[in-house]
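Chains as they are written, first to last, in my numbering: chain A, 1 to 208; chain B, 1 to 209.
Keep in mind the hints are simulated off the structure, nothing from the lab.
Check the hints yourself; a few may be wrong.
To be verified - Derived lysine-lysine pairs resembling DSSO-like cross-links, with alpha carbons at most 27 Å apart: (1) B:Lys199 x A:Lys113; (2) A:Lys118 x B:Lys119; (3) A:Lys109 x B:Lys119; (4) B:Lys61 x A:Lys80; (5) A:Lys43 x B:Lys126; (6) B:Lys49 x A:Lys140; (7) A:Lys44 x A:Lys5; (8) B:Lys183 x B:Lys126; (9) B:Lys11 x B:Lys199; (10) B:Lys120 x A:Lys119; (11) A:Lys165 x A:Lys119; (12) A:Lys120 x A:Lys109; (13) B:Lys120 x A:Lys120; (14) B:Lys119 x A:Lys113.
Computed from a predicted structure; not experimentally measured.
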Amino acid sequence: MSGIKLTYFNLKGRAELARLILAQAEVQYEDCRIERGDWAAMKKTLPLGQLPVMEVEGTTISQSMSIARYLARRFGLAGKNDVEGAEADQTVDAINDLTNSVVPVLNEKDEKKKAEMKKKVQTETMPNWLRMMERLLTSKGGNHFAGNQLTWADIAVYFFMETFKVRWMEHIGEPDLDNCPNLNKLLETVKNLPNIKKWEAARPDTPM
Amino acid sequence: KHSQNKMSEIKLSYFNARGRAETARLLLAHAGVRYTDQRLASEQFASVKPRLPFGQLPTLKYEGELLCQSMSLARFLANEYGLAGRNSIENAQADEIVDAVNDMIAARVAVMQDSDDAKKSELMRKLLEETLPTGLGQLEARLVERGGQFFVGNNLTWADLHLYAFVDIFRSNNPEVLDGFPKIKNLTERIEELPNISKWLQSRPETVF
Numbered sequence: 001m002s003g004i005k006l007t008y009f010n011l012k013g014r015a016e017l018a019r020l021i022l023a024q025a026e027v028q029y030e031d032c033r034i035e036r037g038d039w040a041a042m043k044k045t046l047p048l049g050q051l052p053v054m055e056v057e058g059t060t061i062s063q064s065m066s067i068a069r070y071l072a073r074r075f076g077l078a079g080k081n082d083v084e085g086a087e088a089d090q091t092v093d094a095i096n097d098l099t100n101s102v103v104p105v106l107n108e109k110d111e112k113k114k115a116e117m118k119k120k121v122q123t124e125t126m127p128n129w130l131r132m133m134e135r136l137l138t139s140k141g142g143n144h145f146a147g148n149q150l151t152w153a154d155i156a157v158y159f160f161m162e163t164f165k166v167r168w169m170e171h172i173g174e175p176d177l178d179n180c181p182n183l184n185k186l187l188e189t190v191k192n193l194p195n196i197k198k199w200e201a202a203r204p205d206t207p208m
Numbered sequence: 001k002h003s004q005n006k007m008s009e010i011k012l013s014y015f016n017a018r019g020r021a022e023t024a025r026l027l028l029a030h031a032g033v034r035y036t037d038q039r040l041a042s043e044q045f046a047s048v049k050p051r052l053p054f055g056q057l058p059t060l061k062y063e064g065e066l067l068c069q070s071m072s073l074a075r076f077l078a079n080e081y082g083l084a085g086r087n088s089i090e091n092a093q094a095d096e097i098v099d100a101v102n103d104m105i106a107a108r109v110a111v112m113q114d115s116d117d118a119k120k121s122e123l124m125r126k127l128l129e130e131t132l133p134t135g136l137g138q139l140e141a142r143l144v145e146r147g148g149q150f151f152v153g154n155n156l157t158w159a160d161l162h163l164y165a166f167v168d169i170f171r172s173n174n175p176e177v178l179d180g181f182p183k184i185k186n187l188t189e190r191i192e193e194l195p196n197i198s199k200w201l202q203s204r205p206e207t208v209f
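So here's chain A without its partners, still in its complex pose (with noise of 0.2 Å):
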C-alpha cells in the first residue's frame, strides 16, 4: 500500500483527476468519501477548510491541483524532467483558465444574460479553446502535450473534456472537434488506457 489516503465527497469533482492519475499509475491508496452530514464537522479540522485533502508521509495536503501534481510526480506521470513538467503544468493551467471563465456563466442569475453569455461559450470561447490545444498539442509533436509520453496532463484535458460534455451538452451541445483530429486521437487513447478503463467501470456512479 502507498500510504496515502485521498479524501473528498462521494463524486468526481475535485478528487477525480487524482483518481485517474492513481489509477494509471495503478498505485493502492484509500479512497475515502465523507457523507454530507459529516462536512461541516470535518471542515473545521481542514487545514484550508476544504476538500479533496491527501494524507501522506505523515502531513495533510489540500488543494486539488496540487494534489493531482504530487501524485503525477511521484508515479511518473509528470514528464522526465522539469521543462516536461512545466509543459505539462501548463496545460493543465490553461483548463483551468478554461474552467473559470466558463463556470460563471452557468450561474448566472439573469436570464438574458446567461443565454448571451453561452451562446458565446458556444461560437467562440469553446472553438477558439479547442483551436489553441490542437495547434499546442500538434506543437509538441500531436501524441501528447508534455514529453511525447503520457503524463497527468493528458489525462485531466480527457476528464475536463468528459466532464463538459456531461455538463453543457444541455446548453450547447457537444464541442465539435471536426478540425481537432490530434486532439481528438488523444482523448481516444485516454479513454481507451487499461487501467483507466477498469478504474471508470469500476468507481462509485455519482452524478458529478
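Using the hints provided, position chain B relative to the given structure of chain A.
Just chain B now, kept in the frame of chain A:
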C-alpha cells in the same frame, strides 16, 4: 542546478506591470539570475498575441524552450533555483500555499471584473470582510504550524514569494490587509529585507499594479 546563465538565454515577457509576472521576477531576482525583463506595450502585445501558444502573457523563454502560464513557469524557476522545497512533500506543500493564494487572487479578479457597479461594491465588501480574512487566516495558521518563519520546510520557497507578490499588489489599495495576521506580516517584512529582493524592489519599474 544552474550557476552560469547568459542573459540572452532567459527572457520573461509580460506587460509593464507586476501582475502575473512578479512572482517569477522575484524568483529570478532572489536567485541572482541575469535575464531580460521584457515589458510589452499593448500594441506590441496585440501583434504577438496570435503567435503565443495560449494567446497570453507572461511567457518565459528559457534556453530555447517557450514556457507559458504564470504559475507553471514560476514553479519551473523555483525548481531550477532551489526554491521549491527539498523533496516531493515540500514541493506539494509549496504548491498548496500557492494555490490557496491564487484562490484569493481569483476572488479579487472576479470582483474587479464585474461590470455591475451595485453588485461590485457588495462583492468587494464580501472580499474584504469575509473571503480575504478567511483565506489569510488559514495561511497564517499554516505558517504558525510550520514554525512561523516560512510556509514550507522552514526555508524560503516560492510560496513565500508568491504570497508576497499578492500582498504587494493588494495593499496599494488596502494597506490594512495584513492587520490581524502578524506572522504573515512579519514574513513579508523579512522578505523585503533579503538583499537580492531589496535590490529588486528598489530598482524595478514602478507600476500601478
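Structure-based check of all given hints:
no.: 1; hint: B:Lys199 x A:Lys113; verdict: violated (48 Å)
no.: 2; hint: A:Lys118 x B:Lys119; verdict: holds (21 Å)
no.: 3; hint: A:Lys109 x B:Lys119; verdict: holds (12 Å)
no.: 4; hint: B:Lys61 x A:Lys80; verdict: holds (19 Å)
no.: 5; hint: A:Lys43 x B:Lys126; verdict: holds (21 Å)
no.: 6; hint: B:Lys49 x A:Lys140; verdict: holds (19 Å)
no.: 7; hint: A:Lys44 x A:Lys5; verdict: holds (19 Å)
no.: 8; hint: B:Lys183 x B:Lys126; verdict: holds (24 Å)
no.: 9; hint: B:Lys11 x B:Lys199; verdict: holds (20 Å)
no.: 10; hint: B:Lys120 x A:Lys119; verdict: holds (24 Å)
no.: 11; hint: A:Lys165 x A:Lys119; verdict: holds (16 Å)
no.: 12; hint: A:Lys120 x A:Lys109; verdict: holds (16 Å)
no.: 13; hint: B:Lys120 x A:Lys120; verdict: holds (23 Å)
no.: 14; hint: B:Lys119 x A:Lys113; verdict: holds (15 Å)
The structure is inconsistent with hint 1 alone, although it conforms to all the rest.
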